[in-house]
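Number of protein chains: 2
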Amino acid sequence: MPRILRIAAAQMGPIQKSDSRAETLARILSLFDQAADRGAQLVVFPELALTTFFPRWLLQGDALDAYYEKAMPNPQVQPLFDRARDRSVGFYLGYAEMTPEGRRFNTAITVGPDGAVLGKYRKVHLPGSVEPKEGQTYQQLEKRYFEYGDFGFQAFDGADGWHAPRMGMLICNDRRWPEGWRAYGLQGVELMLMGYNSAAYDPNGGTTEGAELRTFHSSLVAQANAYMNATWAVSVAKAGNEDGSGLIGGSCIIDPDGQIVAQAQSLEDEVVVADCDLDACVQGKTKMFDFAAHRRPQHYRRLVDQVGVRHDRT
Amino acid sequence: MPRILRIAAAQMGPIQKSDSRAETLARILSLFDQAADRGAQLVVFPELALTTFFPRWLLQGDALDAYYEKAMPNPQVQPLFDRARDRSVGFYLGYAEMTPEGRRFNTAITVGPDGAVLGKYRKVHLPGSVEPKEGQTYQQLEKRYFEYGDFGFQAFDGADGWHAPRMGMLICNDRRWPEGWRAYGLQGVELMLMGYNSAAYDPNGGTTEGAELRTFHSSLVAQANAYMNATWAVSVAKAGNEDGSGLIGGSCIIDPDGQIVAQAQSLEDEVVVADCDLDACVQGKTKMFDFAAHRRPQHYRRLVDQVGVRHDRT
Chain A
1 MPRILRIAAA
11 QMGPIQKSDS
21 RAETLARILS
31 LFDQAADRGA
41 QLVVFPELAL
51 TTFFPRWLLQ
61 GDALDAYYEK
71 AMPNPQVQPL
81 FDRARDRSVG
91 FYLGYAEMTP
101 EGRRFNTAIT
111 VGPDGAVLGK
121 YRKVHLPGSV
131 EPKEGQTYQQ
141 LEKRYFEYGD
151 FGFQAFDGAD
161 GWHAPRMGML
171 ICNDRRWPEG
181 WRAYGLQGVE
191 LMLMGYNSAA
201 YDPNGGTTEG
211 AELRTFHSSL
221 VAQANAYMNA
231 TWAVSVAKAG
241 NEDGSGLIGG
251 SCIIDPDGQI
261 VAQAQSLEDE
271 VVVADCDLDA
281 CVQGKTKMFD
291 FAAHRRPQHY
301 RRLVDQVGVR
311 HDRT
Chain B
1 MPRILRIAAA
11 QMGPIQKSDS
21 RAETLARILS
31 LFDQAADRGA
41 QLVVFPELAL
51 TTFFPRWLLQ
61 GDALDAYYEK
71 AMPNPQVQPL
81 FDRARDRSVG
91 FYLGYAEMTP
101 EGRRFNTAIT
111 VGPDGAVLGK
121 YRKVHLPGSV
131 EPKEGQTYQQ
141 LEKRYFEYGD
151 FGFQAFDGAD
161 GWHAPRMGML
171 ICNDRRWPEG
181 WRAYGLQGVE
191 LMLMGYNSAA
201 YDPNGGTTEG
211 AELRTFHSSL
221 VAQANAYMNA
231 TWAVSVAKAG
241 NEDGSGLIGG
251 SCIIDPDGQI
261 VAQAQSLEDE
271 VVVADCDLDA
281 CVQGKTKMFD
291 FAAHRRPQHY
301 RRLVDQVGVR
311 HDRT
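Chains A and B are the protein sequences, given in the same order. Numbering follows this note's numbering, with no gaps: position 287 of the first sequence is 287. Numbering follows this note's numbering, with no gaps: position 237 of the second sequence is 237.
Source of the hints: derived by calculation from the structure; they are not laboratory data. Heads up, some of the hints might be wrong.
Where chains are identical, the list cannot tell them apart; a pair therefore holds if satisfied intra-copy or between any two copies.
Straight-line distance between alpha carbons at most 25 Å, and here's what the computed DSS-like set of lysine-lysine pairs gives [what the hints assert, rightly or not]:
{"id": "1", "residue 1": "K287", "residue 2": "K143"}
{"id": "2", "residue 1": "K70", "residue 2": "K17"}
{"id": "3", "residue 1": "K143", "residue 2": "K133"}
{"id": "4", "residue 1": "K133", "residue 2": "K287"}
{"id": "5", "residue 1": "K133", "residue 2": "K285"}
{"id": "6", "residue 1": "K143", "residue 2": "K70"}
Work the whole structure out from these sequences, hints included.
Put into structure tokens, the structure is as follows:
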């Protein structure tokens, strides 16, 4: 008996600096309803889905703080939680978190069909820099505006109505780092959710990577890491021209063979849906990627014993 | 000034059980000369390039031992080493190794343009089973016929005439395991060489994966791991119908962006060549995949602390 979960990738077009929270939430609710109308049981939104990608600018004080959610839910976002419960459809949502103690994280939550939070993740692999780079039109200041995620990669159980998949979350740049995927894979994850805001140009000043190559990279890492961990993966963009800065699209749903089964075609608000049989993970997990039978951790020590490149022998 | 190394992927068609070593070595020398005539400085041959893929049968005694090289070089393979020195062209070659103490490994060497061995690798990720599986036409008995490689993943320096690339080797199934790639990536590897014999059917009895899907998997993991470690990669098949059992082709040369720049089109003996600028690794290694700036090993403990899947919290 297959364990089929119908999932929607709810790609968002750009959110301009001038857009109000109310306008953005109305778009999110519209995408949510489109997905629910198509029978989706889980809707995946992008990273930082409530605001523009503000780390592209050097900001401070209230101008910066305005981008963070001081609680989740909060009155502005509560209608999404209410809608989830009303329609019995869950969601993944990325947002900038400020804790009561003033700590800041790039965060995502997965909310179940009862409107309750099932899991929370704080981005581990923050790209960019702490200090602004001179002469750049756009910065990538995630290392300035967020602390490194302190939860690590903790899998969690999805809702019973979803066939209780073992689940994990990543955010944007995390999807390029196989260590995070493997940490989840070693917990038996069957479904990975991730949102992203990926520049169509190189945010650190390179000129050799265009939007097409960067969209290829985005799909490539999600496909290969899904395959190598025998898991479904849903990877969702905020896309298009946001405040003059281009973001790639390419939101997709990927099966445990690494094949794209549904993909957004635009750089706008767009919902794509797929029926995901969670038991399609079984072949990979029990054969090619039977970790207990085939992994050799005694040869993986470098992965934890060093951070950067070293040329010495071990 | 670019550091360009011209590399050949020398895919081999099948080697039948009935083929003599002399016949096989003649094919290898012919491929080597084709590559050298096209200006290649390094020729990459498959895994177990001197014999049929014998782990598909249950064998013992002399019938098994005949497949192993008791020394490297040895009189039968010496002509390849001589040709390398004569033409100042190096090679990667996979073979079954039997040590003087009778230990058996699935091994590969890289030989420099002077005919001397630059590096040696013993396969870490052995697939298959120790015991034959009942009712299977073909077995996958690598775990029976080889010990797990005991060298780990030790990078080495290529020849000066190759612009001294930092190099690593993998063998077949290793290419599906990101830990091995990362162990090399953490040593600054710029060029990964790997040979494979990958069944076009599932050797452990699955029926859902055909040759097209398995060829896709083969390219996918090589492309993504090359990109995620900002390295060139050369992945070379023994292909075609070998003793009644199908092997995938798809040999390819991959750039540090994960893009295939040359790929074999047949399932036969076939040489493809590419000019590989080793400095194309610099952008990835210094920006997106600047490991020292971006890796977070404190969250990777599971990768070495456990072998198989565990559902507990850490």
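Quick rundown of the hints versus the structure:
1. For the homomeric pair K287 and K143, the shortest alpha-carbon distance between copies (14 Å) is at most 25 Å, but the shortest distance inside one copy (40 Å) is not.
2. Taking the shortest alpha-carbon separations for K70 and K17, only the intra-copy value of 19 Å comes in at or below 25 Å, while the best inter-copy value is 69 Å.
3. For the homomeric pair K143 and K133, the shortest alpha-carbon distance inside one copy (13 Å) is at most 25 Å, but the shortest distance between copies (52 Å) is not.
4. In this homomeric assembly, K133 and K287 come within 25 Å of each other (Cα to Cα) only across copies, at 13 Å, whereas the closest approach inside a single copy is 48 Å.
5. For the identical chains of this complex, K133 and K285 are inter-copy neighbours only, at 19 Å across copies versus 44 Å inside a copy, given an alpha-carbon limit of 25 Å.
6. Within a single copy, K143 and K70 get their C-alpha atoms as close as 19 Å, which meets the 25 Å cut-off; across copies the closest is 55 Å, which misses it.
In the structure shown, no violation is registered for any of the earlier numbered hints.
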